[in-house]
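Here's the letter readout for the chains.
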Amino acid sequence: MSNVHSISPREASGSEEGRNPVAAYDNDLIESVRVNRSAAERRAATLPGRRTVKKQWQAAWLVRAIQCIDLTTLSGDDTPGRVRRLCAKARQPVRQELLDAMGIGGIGLTTGAVCVYHAMVTTAVEALRGTNIPVAAVSTGFPAGLSPLNLRIKEIEASVAAGAREIDIVIDRGHVLTGNFRAVYDEMKLFREACGPAHVKAIIGAGDLGTLVNVAKASLACMMAGADFIKTSTGKEPVNATMSFALVMCRVIRDWRQMTGYKVGFKPAGGISTAKDAMNYEFIMKEELGNDWLKPDLFRLGASSLLTDIERQLEHFVSGHYSASYRHPMA
Amino acid sequence: MSSVAQILETMEYGPAPESDAPVQAWLEKHGRSFELYIGGGWIKGTGRRFDSTNPATGKKLASLVEAAPGDVDAAVKAARAAQPGWAKLSGHARAKYLYALARLVQKHARLFAVLETLDNGKPIRETRDIDIPLVARHFYHHAGWAELLESEFPDHAPLGVVEQVIPWNFPLLMLAWKIAPALACGNTVVLKPAEDTSLTALLFAEICGEAKLPKGVVNIVTGAGETGRVLVEHPDIDKIAFTGSTEVGRAIRIATAGTGKRLTLELGGKSPFVVFENADLDAAVEGAVDAIWFNQGQVCCAGSRLLVQESVEERFLARLRARMETLRVGDPLDKVTDIGAIVSMKQRAQIDAKVKKGLAEGATLFQPKAACPDGCFYPPTLLTNVEPASTLAQEEIFGPVLVSMSFRTPAEAAQLANNTRYGLAASIWSEDINVALDLAPKIKAGVVWINCTNQFDASSGFGGYRESGFGREGGREGIFEYLKEKATKATAVMAAPSSEPQLEDTDAIDRTAKLFIGGKQARPDSGYSRAILSPSGALVGHVGEGSRKDIRNAVEAAVKSEGWANTTGHARAQILYYCAENLSARAVEFTDRIRAMTGVTKAIAGKQVDLTIRRLFTAAAWADKFDGAVHNPPLRGVVLAMNEPMGVIGIACPDDAPLLAFASLWAPAVAMGNRVVIVPSEKYPLSATDFYQVLETSDMPAGVVNIVTGPRDSLALTLAEHHGVDALWYFGGDGKKIEEASADDLKRIWAPGALDWFGAGVEGRAILRRATQVKNVWIPYGA
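Taken in sequence, the protein lines are chains A and B.
Mapping of the first sequence onto this note's numbering: position 40 corresponds to residue 40, and the numbering continues sequentially without gaps.
Mapping of the second sequence onto this note's numbering: position 749 corresponds to residue 749, and the numbering continues sequentially without gaps.
Source of the hints: derived by calculation from the structure; they are not laboratory data.
For glycine and all other residues, C-beta sits at the position ideal for the given N, C-alpha and C.
A few of these clues could be false.
[Said to hold, decoys possible] Chain B stretches covered by chain A per the calculated footprint, using a threshold of three residues with CB under 8 angstroms from any CB of chain A:
#1 12-20
#2 274-281
#3 705-712
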């Protein structure tokens, strides 16, 4: 990935567990990025053949996937009723008797977060009251990110004020495509400031960026500007999350951790609809970053229909029968 | 037993075993005992029995029989009997059989994969995802060659009965590499799998039956080295194709010397894995995993010699060590295993001994913390503090052991990469296309992978330079290894002495022919001359009596003029045309000389000179036209099959047509970028010595063409033994001795016996293929 060490590694004490702060812009670091697409695709394509989990291991890995889901609805036809249904599902993502059968009835299983548009933040916060499930709001002119900068910042502030504890911002992909990573950094830095205590996930819109090199560079620019998470996609690009994007972004996260001591989280989003997909992303996290990145504070899966498929797999694990989707409460 | 709650704490992978029940059932069906597959049926072997075991557990899988000499003979006879009928089938008919074999391999893919894993110890991921799909692909691809054989290879015929001896590291894949092209070309085979890993070959024998392959086309005999030796020495074999150690390859070269059996050898390697500072280092780290921790490093082309640019050495090694920590060593049948069992305890002991030797020489060892199971397993190992002078930098380890060294510049990378007797493969990692494509032609290796490694495909030839053996498997270049050129009808060679009066130079000034070395006429080291007499016994002239030392000097001059290989084909053509032009101006003189030496008629001598001029033109014409190919493996990228010169070619000329044969040999060699050391006709050398002046006046760079006159066979022997000579074309009477001598460095020998020098058969692609070797450069791309 990056071939230059321009930031000296931080001492592994105290600050290490802290939130990734805003660092100085470092263009040399951006320019040092090397990504060989064929090699990245080969690794991404062969990893699912190298790793698998069976039986109770598979059940556990799927439960963990649920804990990392940002259960999402981002549609023009979202209504408070729809969002309340989603929140109810986030609170009880799997039928209790299945959890009991797996011996985890008491762990208080929930999804990682609920992710909605700003307009639905209040409803979601209300519906999740009494839980520790954060509401994430997509912001900054999602999904294109092309509204006036001051409005994008105002939108963040409004969502935070409405109770969103996480903000998923989108970068201006035009800055990446014109090689202006300084602008990506500058805007990200403003977004981070506007978020205040809310954690910020930077959506780089990987499917719009043209090359894996750009994916890596955009990720780096966002991490320099204090992103807590980097996220592949809005779900609205022609190509959403892929294993190749995930591989490249995970490697940048690893480099950043080695350079600065700070851990940045990763969120693949868009098109992740099967339990198998979810596990493949989990494998990539474990292999490229380690177990720390298999927890919701550093790993999220942006998904809507994924949960139903996982429920069906869990029921199969418990009962030995292949399941049907109508047996699981819908979101 | 771990609970879901516990696993949520550890996030371990847990066991994921592939069931071996169907394979055990198959073994039971055979009573865990196998015989020999000869003539389409199972024939009881008469040799001693031995067990095939699962290296991961030490448990016996089945009892096999070592084929005794009588069994081997029966197999060869069955193959011989089947061969004419098999060759007579249309290409289309053979294609249908090969297609059926491909389909059957796919149909039984998991059975093959699990059986291979049990027998060999390699992880199920590899047999399932790599070995077996490549096997099917090889049969599909060669079904295509069978179909196209008649149209694409006119004037070629099958060799006959081919004996194939394969190693234990890719048992079924090596079987496919051997059998598919042999069958496509109309040969029949006797194949001996390695004694440790015979079972998939026996399952393959079974599917040959399912495919209704004609009886005797494929014969499989099990056994160890002794069976192999009997096979190699069997008189009724037309070709031997061997993959295995350089040591055994050398023994086969000696055993077959002078027998006329065709031979291809795929031997060992110590392949460089070159990482430049501008590489995607993570990609290169993952490449190293695929290079040396694929198949437990038991891969002849494993990237076992890591060369990292010094500026990124520490960073690269840190990443590599971190990656090594996540490699999983264990049960080969577990789907989450990266590194399985070593093939045998014997092999494991050899690996361990080599690593210990390296440590004693001062190497620094790194192995990951994760536990490596007891038994026939070996952990992934990285050895640093290794220098080119270290034993481990030179000797093949054939295990999961990577040795690391550094380089400073691209030029030094090339030097270090080539600082080995082997030349099988190389990997180059750089995001700069200029750096990568500049190094690829400089590395002496048959396969170069740019930003990838251990890529194989039926469409692209695989094989070595130097002591990694000769011959190619896969691609069009691999097909030639199983065909011979149909004998063309000999033109009447009018070589009989004529009744015309002999020509005698009575009043010319004495011309003393010296040797021609490094562009200069040099006196022979011996200080002696040899008299050249006409058929009637009259003195025609003197030539220098060349000796070992003159050959040494000539080879040195040839080695030094390596720049010739990098001149353009156009430039080489210009010089060859110029030679023709200058020869033409002196045609009368050369005609008279041929008459004086050999006593042929003026007409015949004149024809020889005319044809020589034409040969020079033909060679010049080819200089910029013997193009390589772009292969099409399933890959986003290209594989460039480049025809590269051999290097230094020794040529021992025949006595027939002394000027014409001389030029017919060196001109195409030189046209392809080789440098040559020529021993002209011993009886009639003066046409060659007269040619010095043609070379001198034609701008031939010094050292490209060197000529040493004298006793042909002893000079040729010196050439055969000289490690600076890459190939030897021998037209003398003692091919056996020459081929034996060549075994030391596995030099490419071409000793076809008499050729029709006046016919067109001696020019063109056939001889150009002798003058070149194919390098396949894999270049995946993607923005």
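Which hints, by number, does the structure contradict? 3
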